[in-house]
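J.: What follows is the residue order along each chain.
2 protein chains.
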Amino acid sequence: MELWFTEKQTENFGITAKIKRTLHTEQTQFQKLDMVETEEFGNMLILDGMVMTTQKDEFVYHEMVAHVPLFTHPNPENVLVVGGGDGGVIREVLKHPSVKKATLVEIDGKVIEYSKQYLPEIAGKLEDSRVEVKVDDGFMHIAQSENEYDVIMVDSTEPVGPAVNLFTKGFYAGIAKALKEDGIFVAQTDNPWFKADLIRNVQRDVREIFPITRLYIANIPTYPSGMWTFTLGSKKYDPLAVSDERFHEIETKYYTKELHKACFVLPKFVADLTK
Amino acid sequence: MELWFTEKQTENFGITAKIKRTLHTEQTQFQKLDMVETEEFGNMLILDGMVMTTQKDEFVYHEMVAHVPLFTHPNPENVLVVGGGDGGVIREVLKHPSVKKATLVEIDGKVIEYSKQYLPEIAGKLEDSRVEVKVDDGFMHIAQSENEYDVIMVDSTEPVGPAVNLFTKGFYAGIAKALKEDGIFVAQTDNPWFKADLIRNVQRDVREIFPITRLYIANIPTYPSGMWTFTLGSKKYDPLAVSDERFHEIETKYYTKELHKACFVLPKFVADLTK
Numbered sequence: 001m002e003l004w005f006t007e008k009q010t011e012n013f014g015i016t017a018k019i020k021r022t023l024h025t026e027q028t029q030f031q032k033l034d035m036v037e038t039e040e041f042g043n044m045l046i047l048d049g050m051v052m053t054t055q056k057d058e059f060v061y062h063e064m065v066a067h068v069p070l071f072t073h074p075n076p077e078n079v080l081v082v083g084g085g086d087g088g089v090i091r092e093v094l095k096h097p098s099v100k101k102a103t104l105v106e107i108d109g110k111v112i113e114y115s116k117q118y119l120p121e122i123a124g125k126l127e128d129s130r131v132e133v134k135v136d137d138g139f140m141h142i143a144q145s146e147n148e149y150d151v152i153m154v155d156s157t158e159p160v161g162p163a164v165n166l167f168t169k170g171f172y173a174g175i176a177k178a179l180k181e182d183g184i185f186v187a188q189t190d191n192p193w194f195k196a197d198l199i200r201n202v203q204r205d206v207r208e209i210f211p212i213t214r215l216y217i218a219n220i221p222t223y224p225s226g227m228w229t230f231t232l233g234s235k236k237y238d239p240l241a242v243s244d245e246r247f248h249e250i251e252t253k254y255y256t257k258e259l260h261k262a263c264f265v266l267p268k269f270v271a272d273l274t275k
Numbered sequence: 001m002e003l004w005f006t007e008k009q010t011e012n013f014g015i016t017a018k019i020k021r022t023l024h025t026e027q028t029q030f031q032k033l034d035m036v037e038t039e040e041f042g043n044m045l046i047l048d049g050m051v052m053t054t055q056k057d058e059f060v061y062h063e064m065v066a067h068v069p070l071f072t073h074p075n076p077e078n079v080l081v082v083g084g085g086d087g088g089v090i091r092e093v094l095k096h097p098s099v100k101k102a103t104l105v106e107i108d109g110k111v112i113e114y115s116k117q118y119l120p121e122i123a124g125k126l127e128d129s130r131v132e133v134k135v136d137d138g139f140m141h142i143a144q145s146e147n148e149y150d151v152i153m154v155d156s157t158e159p160v161g162p163a164v165n166l167f168t169k170g171f172y173a174g175i176a177k178a179l180k181e182d183g184i185f186v187a188q189t190d191n192p193w194f195k196a197d198l199i200r201n202v203q204r205d206v207r208e209i210f211p212i213t214r215l216y217i218a219n220i221p222t223y224p225s226g227m228w229t230f231t232l233g234s235k236k237y238d239p240l241a242v243s244d245e246r247f248h249e250i251e252t253k254y255y256t257k258e259l260h261k262a263c264f265v266l267p268k269f270v271a272d273l274t275k
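Chains as they are written, first to last, in UniProt numbering: chain A, 1 to 275; chain B, 1 to 275.
A few of these clues could be false.
[Said to hold, decoys possible] Just so you have them, the derived chain A footprint on chain B, three or more residues with Cβ under 8 Å: (1) 3 to 13; (2) 264 to 271.
[Stated by the list, open to error] Pair ranges (Cβ atoms, derived): (3) B:Glu121 <-> A:Thr10: 16 to 24 Å; (4) A:Met140 <-> B:Phe247: 24 to 32 Å; (5) A:Glu132 <-> B:Lys235: 20 to 28 Å; (6) B:Glu121 <-> A:Glu208: 49 to 57 Å; (7) B:Glu146 <-> A:Ala271: 12 to 20 Å; (8) A:Leu23 <-> B:Pro211: 49 to 57 Å; (9) B:Phe247 <-> A:Pro97: 53 to 61 Å; (10) A:Ile250 <-> B:Glu121: 31 to 39 Å; (11) A:Ala196 <-> B:Glu121: 14 to 22 Å; (12) B:Phe247 <-> A:Glu132: 23 to 31 Å; (13) A:Phe269 <-> B:Lys32: 45 to 53 Å; (14) B:Gln144 <-> A:Pro120: 29 to 37 Å; (15) B:Thr22 <-> A:Glu245: 38 to 46 Å; (16) B:Ser98 <-> A:Thr10: 52 to 60 Å.
[As the list claims (entries may be wrong)] If you only want the chain A side, here are some residues facing chain B, beta carbon under 10 Å, derived: (17) Asn12; (18) Asp48; (19) Gly49; (20) Lys56; (21) Asp57; (22) Asn191; (23) Ile209; (24) Pro211; (25) Phe247; (26) His248; (27) Leu259; (28) Leu266.
Keep in mind that the hints were calculated from the coordinates and are not lab data.
Ideal Cβ positions, reconstructed from N, Cα and C, are used throughout, including at glycine.
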């Protein structure tokens with residue numbers, strides 16, 4: 001018998017991956033959590049039927065969420081990750097020696113638990129002494145923070161289920177308040193092929209709050225369309241104005257200092273969503 | 001009953017698309033040809049089980065094959081397209097007013113026939129007076145040409161079936177001979193996630209023949225991994241050295257003059273394939 005996992009990424013299109021075995025399946029307090037071992041992508045974390053991360057391609061998302069804002073900010077010391085319970089963004093954040101503290105606020109403790117068990121090379125750095133892990137509601141955490149963080153990264157699921165509040169203008173206003181006066185935030189904002197309206201709406205909302213609002217892209221094979229977008233809002237520093245000497249050596253598989261700027265050069269139909 | 005078409009893009013991974021109906025299916029002299037109407041991507045041309053083009057995302061591939069070399073060459077007049085029987089590359093080539101003649105050499109006349117019938121907005125320009133369509137073996141056509149073309153574009157299927165000869169060093173040497181002394185060629189060279197060896201080998205072969213060899217990328221949702229590569233070989237002109245005044249206005253949905261250079265900025269693991 002062959003087992004295949006299929007994610008319907010839209011009503012009418014999806015990806016399908018051959019499964020060696022199911023490692024864990026559970027209805028948590030917040031969502032359906034599945035961890036499977038695939039032939040092509042290694043272990044794969046699936047939440048509410050949607051691929052969150054895989055061992056083979058996780059580096060793209062995690063590097064691109066973390067390094068673009070962290071190399072844009074001249075001295076990021078205090079970093080917050082909202083969501084991201086698999087720990088991959090935290091792992092990348094810790095590659096920056098300026099970072100003194102990285103806080104992870106993940107609503108679902110089960111995501112952390114099973115990522116540590118089945119995705120150890122992704123989640124392993126959650127044990128680092130600079131990291132504080134809070135199992136809590138990211139929306140509430142943001143609402144209670146003020147003038148505290150240099151960089152905030154929103155590593156959420158899609159705007160269904162527990163993440164629905166994380167795509168609202170009220171949330172972005174809260175982020176602005178939680179950031180210091182020269183803070184930067186970035187959020188994953190889905191793909192331009194099937195979710196153009198979402199990107200357009202987020203760009204509009206963020207632009208009303210942050211003086212510098214930008215969209216950048218990366219290729220993630222297991223995400224819908226393979227092209228993923230990230231919306232960046234910044235109070236002071238422009239990611240396109242980073243000078244060359246700002247970049248220090250870090251080990252990456254996707255991000256480079258050249259890509260730091262090229263990832264903002266958008267295909268025309270994507271650029272049109274930012275206007 | 002719901003009908004879904006599934007392409008196994010590797011042994012263990014694929015895409016699946018809901019089908020409204022099958023428009024045509026036929027074993028041609030060279031390959032299995034299917035034309036289906038999908039819910040998500042409109043009409044879709046499938047050869048030997050692999051998606052070739054769809055109405056929704058075809059513009060990416062066709063624009064990126066055509067405009068990168070055509071804006072690199074200062075005065076492309078005589079252009080050859082090998083393969084590409086759907087006519088999409090030809091449509092883009094004809095947007096360049098310098099082009100006096102565009103020759104299409106497609107081995108399988110059935111691809112042309114059913115593209116005209118079911119993909120008219122892609123194939124319609126094959127009737128243009130500047131276009132000559134030859135139903136012939138591209139490998140042989142290249143072997144018989146000398147010092148003739150300004151730009152050659154290889155719009156082939158994967159290196160299985162009729163296209164296997166189009167990924168050989170002998171073919172690239174033939175292309176060099178068929179090009180004028182300042183000619184440029186580009187070929188689609190699959191994706192870096194599942195076909196890294198192919199890209200590395202083509203880069204090595206082309207580099208031994210063309211003084212300027214480059215790799216660029218584009219996002220195509222219906223192709224494996226969503227990230228597609230194109231290998232460009234040039235005798236004289238560097239696509240990265242094109243000056244701004246060279247670009248003239250054309251109507252596109254993906255290509256822009258900024259992307260002309262940014263598409264050569266590769267993720268690290270892809271850049272490593274070119275070394």
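J.: Provide an ascending list of the numbers of those earlier hints which the structure does not satisfy.
T.: 4, 5, 6, 7, 9, 10, 12, 13, 14, 15, 16, 18, 19, 23, 24, 25 and 26
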